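S.K.: Chains as they are written, first to last, in our numbering: chain A, 51 to 314; chain B, 51 to 314; chain C, 51 to 314; chain D, 51 to 314; chain E, 51 to 314.
Keep in mind that the hints are not guaranteed to be accurate.
Each pair may be met inside one copy or between any two copies, as identical chains are not told apart.
Listed next, the in silico SDA-like pairs over lysine to any residue satisfying Cα-Cα at most 20 Å (straight line) [to be verified]:
(1) K242 with R281
(2) K229 with A312
(3) K207 with E75
(4) K203 with D56
(5) K87 with A236
(6) K203 with G138
(7) K207 with A268
For the record, the hints were derived by calculation from the structure and aren't laboratory data.
Everything numeric in this text was worked out from a predicted model, so none of it was measured.
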Amino acid sequence: MIPIDDSPIVRDGKTLILAMDHGLEHGPVDFEDVPEKLDPSTVFETATHDAVTAMAVQKGIAEGYYPSYEDDVNLLLKVNGTSNLWMGEYDSAVNCSVDYAAEIGADAIGFTLYGGSNHEVEMAEEFRDVQEDAREHDLPVVMWSYPRGQGLKNDTKPEVISYATRLGLELGADIAKVKYPGSSDAMEHACKAAGDMKVVMSGGSKTSDYEFLSTVEAAVNAGATGLAVGRNVWQRENPTQILDALEKVIYDEETADAALEATE
Amino acid sequence: MIPIDDSPIVRDGKTLILAMDHGLEHGPVDFEDVPEKLDPSTVFETATHDAVTAMAVQKGIAEGYYPSYEDDVNLLLKVNGTSNLWMGEYDSAVNCSVDYAAEIGADAIGFTLYGGSNHEVEMAEEFRDVQEDAREHDLPVVMWSYPRGQGLKNDTKPEVISYATRLGLELGADIAKVKYPGSSDAMEHACKAAGDMKVVMSGGSKTSDYEFLSTVEAAVNAGATGLAVGRNVWQRENPTQILDALEKVIYDEETADAALEATE
Amino acid sequence: MIPIDDSPIVRDGKTLILAMDHGLEHGPVDFEDVPEKLDPSTVFETATHDAVTAMAVQKGIAEGYYPSYEDDVNLLLKVNGTSNLWMGEYDSAVNCSVDYAAEIGADAIGFTLYGGSNHEVEMAEEFRDVQEDAREHDLPVVMWSYPRGQGLKNDTKPEVISYATRLGLELGADIAKVKYPGSSDAMEHACKAAGDMKVVMSGGSKTSDYEFLSTVEAAVNAGATGLAVGRNVWQRENPTQILDALEKVIYDEETADAALEATE
Amino acid sequence: MIPIDDSPIVRDGKTLILAMDHGLEHGPVDFEDVPEKLDPSTVFETATHDAVTAMAVQKGIAEGYYPSYEDDVNLLLKVNGTSNLWMGEYDSAVNCSVDYAAEIGADAIGFTLYGGSNHEVEMAEEFRDVQEDAREHDLPVVMWSYPRGQGLKNDTKPEVISYATRLGLELGADIAKVKYPGSSDAMEHACKAAGDMKVVMSGGSKTSDYEFLSTVEAAVNAGATGLAVGRNVWQRENPTQILDALEKVIYDEETADAALEATE
Amino acid sequence: MIPIDDSPIVRDGKTLILAMDHGLEHGPVDFEDVPEKLDPSTVFETATHDAVTAMAVQKGIAEGYYPSYEDDVNLLLKVNGTSNLWMGEYDSAVNCSVDYAAEIGADAIGFTLYGGSNHEVEMAEEFRDVQEDAREHDLPVVMWSYPRGQGLKNDTKPEVISYATRLGLELGADIAKVKYPGSSDAMEHACKAAGDMKVVMSGGSKTSDYEFLSTVEAAVNAGATGLAVGRNVWQRENPTQILDALEKVIYDEETADAALEATE
């Protein structure tokens, strides 16, 4: 953890990451109801919204589309990831070097760590290299901290999520992205376990506007510094509207109710 | 994905790759009916046809034969591959470094990725290195994107082929080579899943002229930017004739019927 | 082993390491009764005590907190470690390079070796690199020498602890941190097995003041050059008081009784 | 494959390699009847025969004995090999770097590839490095192409030997050394499968003069460019005599009968 | 093998290596009857005897003690080794780089190879690097050539020991250290299998003066160039006396009887 409040991916101490690596991690199935979103440009357009401090994509999409958006979008290059065709123990291939990410214009680096996987040791060592390379380029590092694998059944239990944020702090991340542990108290504990490191909530699969916004509200109140979200934005009919609402909840710390009312 | 329309392996936005790595991947059995084709010169001769934008071979054949054809043929060096004596889970040895491929005169790099194999993570990391080395040399990268391995029975199902093209896009290929998913609609979806990245259909085992050309026609109509073909050209008695027909289907977007008629 | 008596982590030939890597190794569970200690600053404050010659933390905590304490605390960067979510055979990821540790300002390097683990050979080779890199930076190396793994049931048997200190000596550590082998005689043998290399006792889980101090007294009398302690200091209500007492036992070689009396 | 007709290991387009790596691959058992041949000097003396274009040995023997023979013998450094104490799946350790081989004075490099072994992929990647390093030093590469391992029972079947030569061509060898496939026709097919790459027959275990020479004659007539032989030369009482005969069969393309008659 | 007769570890063509890596390989158990020998200085003192041409230790002991003895003792740095807490197939961690060994002042390098182990291939490749690095520093290499592992029950059978010395020769060692194969004839064969490379007998566990010396006498008569010995020297009450006797047997080629008589 180094000071990143002056980094482009932070706005007023908060962060809203729009993620679009689902084509790799989940495959075309995530686009079934929104086939037009197979075109990454559509999501980059959405990412030009002021609320979005960074767009998270894999190398190939960054190479192909970021040149058209580099003035309007901050790039968070997610440097590892694996298809769900993979049948082995949880693991994630490092698909992009930090040097190349920097060359493409990345403003930050993203990395998934599966704590508890039989590949945890190997992934932690890959994280070491990625984190230290990122330091060379003065790039913040966001850890997708997702404990899972042999022996970990329910990966959103409070103690697991607090362990997840702590792993981010101990190993040198600047922001940890974790799943919501189910309650405001548990989220608060997870944020405390992170010390001064920032924690963002993972958006998860698509839910109703209210349910989604009130979870974000609870997370922010519990100390989260924002959100990393994909499907709950770009699978919606009107991504701009939900981003307007998220902007109010995250940056203005308004309630979900107030934010919804103001943006409907 | 980077812009490759000005690359030598693209002609009018289209691509026709003549592949001849069967001696490695399949062994002498593919030459049983055409033993004279064991001599790679014969196929290089065929590759001088205007319709062919690149010839795909392994390092050894490039070293030995390309010097005689470098004025007339563009070289796509396939940098990985494995014999079918291999009994293990799907994998592919990296047989050539990109630096050496460039030294030999390669105009593009080819790489097989078996998504879903127990070696997927390792292969994706090898692809990372190959792709980034290719960027250093300004060489386009063609991914043979072939999901297969434990848990993947039918590897030409539409959702598998769309995942295959998407893997190419996400991981940074410039062209993905995939099997025909069985219908024009499925091919169209696979091309959409690739965003702006080019998709070429894999030629597969030898079929009749009409069957072959009409599949190519369907693929091109569905958005494919061309074909990568081996046996359906060089196992034929008259490779020039089928290339004449392919030229019409791919570059002039004529029907299979018209192309056949014009070239018979 | 090289001469380290002039190193900042040694005071009058003795060493007291305050360790706080429990957030990684044990997880939030170790903070259940002292949630305020989730904030690493609180332990760094404790480490400013004169008795403490070094504070042992992982990379992320060093990066985030050491800049505020570098004038008052010596940094021992623990370069490997693994979460207890890990279900595999005992192993430890190398989370920090020695070069980066030096850049952060480390005064010494810490490394865990699980002798007897099925990863022993691999860990010993990682230790080689770490130790030789540390020599380049003139940094002392502390080995957490913890035999455990397949076939090792009771890892505090006298012969195991003597083997543990000897491994430190043979492989090139400057200090070995080992568990107390249960008796003063066994500790004396373990110190003899270390030759001229320093041995520090591991603090272990929290016990009563008297029990803890008298074990330290026994260890020091047996030849140990000090202590590496975490929970027995920072899980206490008054860490300063126990450090006052430890200072007397370790540096002044007073009895536990005398030290307790003087500090209560 | 690059042009090697001007290389010292080729004479009039032909090659006769005298191999003596049996001490590593087979152990002292191969010397039971000829214990004096345990002294490598004896075989180097034999290698000074004009018929021999290269002597193939491992690093240690090259280091120790080649300095005395460098004016009279061409050195083929066999850079991998494994003892038959090895009980694992077919594999071969890379015992010498190409740089060091060149420093010792090697005129060519030898490498074993076990196609079909569960180590095929790994060996092919080691071959890549060796082959490309050899190119840096302008050294020809001879592949001992020996398909064997799980699933390959009879490794001299015609289709296996043709696959073996083809592997050499595709992967970038300059000469492939293969076992005789049992018939002249099969050998001819194997040579055709190699394209313009040279093929040498493997000498195998000791047989009668006539049987041995007539197999060589058949191989040469079928297109082989020579022989790599060990036991059939140095296990003989009079190695010079058999080399005289081989010279006639290989370079003068005489029959086995004529060669035997002329040299007896 | 390179000429090493002028190396400091050779005296009149003979070698007597005093080894003290038992603290790593066997653990404190080897010191049970001689606890004072846990202090490596005691053995370094012994190594100042004129008969000793080199002292073999691991990195840590070399670092810590050799500076006091560098004028009187030649250092053989044993760069690999593993504790007997290790329960896996025979293997040995490379604990010291050759560069660092040279920096510490090593006069020679020692390396264990377990031929026949499932780690043989990996160890042979580690040996390659060590041997070639040693050549850069002009340091002789001693191979502890110990066939053992899956399928090798009795590792002192004559054919195994002859294979062991041959492995040393083929792979590029300058001296092979092997167990005594049980008879003078077998030892003679093992020395012949080594060609011009030197062979030293391994001392083994402690035996009577006469038994020990007469085995050494037999080995020297059979062609061995000396001895590598640990316990049979430093576990004795009077190491100097046995070294006096060994000096006569090894360098003066006296009988065990004569040597014993002269030194008692």
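S.K.: Could you run down the list of hints and mark each one as holding or not?
M.R.: Comparing the hints with the structure gives:
1. Taking CA atoms no more than 20 Å apart as the test, K242 paired with R281 passes between copies only; the shortest distance there is 19 Å, against 28 Å inside one copy.
2. In the homo-oligomer, the alpha carbons of K229 and A312 never lie at most 20 Å apart, since the shortest distance is 27 Å inside one protomer and 50 Å across protomers.
3. With identical chains, the CA atoms of K207 and E75 are at most 20 Å apart between copies only, with a shortest distance of 19 Å across copies and 23 Å within one.
4. Taking the closest pair of Cα atoms, K203 and D56 never come within 20 Å of each other, the shortest separation being 38 Å inside a single copy and 50 Å across copies.
5. For the identical chains of this complex, K87 and A236 are inter-copy neighbours only, at 17 Å across copies versus 34 Å inside a copy, given an alpha-carbon limit of 20 Å.
6. Taking CA atoms no more than 20 Å apart as the test, K203 paired with G138 passes in both settings, with 16 Å inside one copy and 16 Å between copies.
7. For the identical chains of this complex, K207 and A268 are intra-copy neighbours only, at 17 Å inside a copy versus 43 Å across copies, given an alpha-carbon limit of 20 Å.
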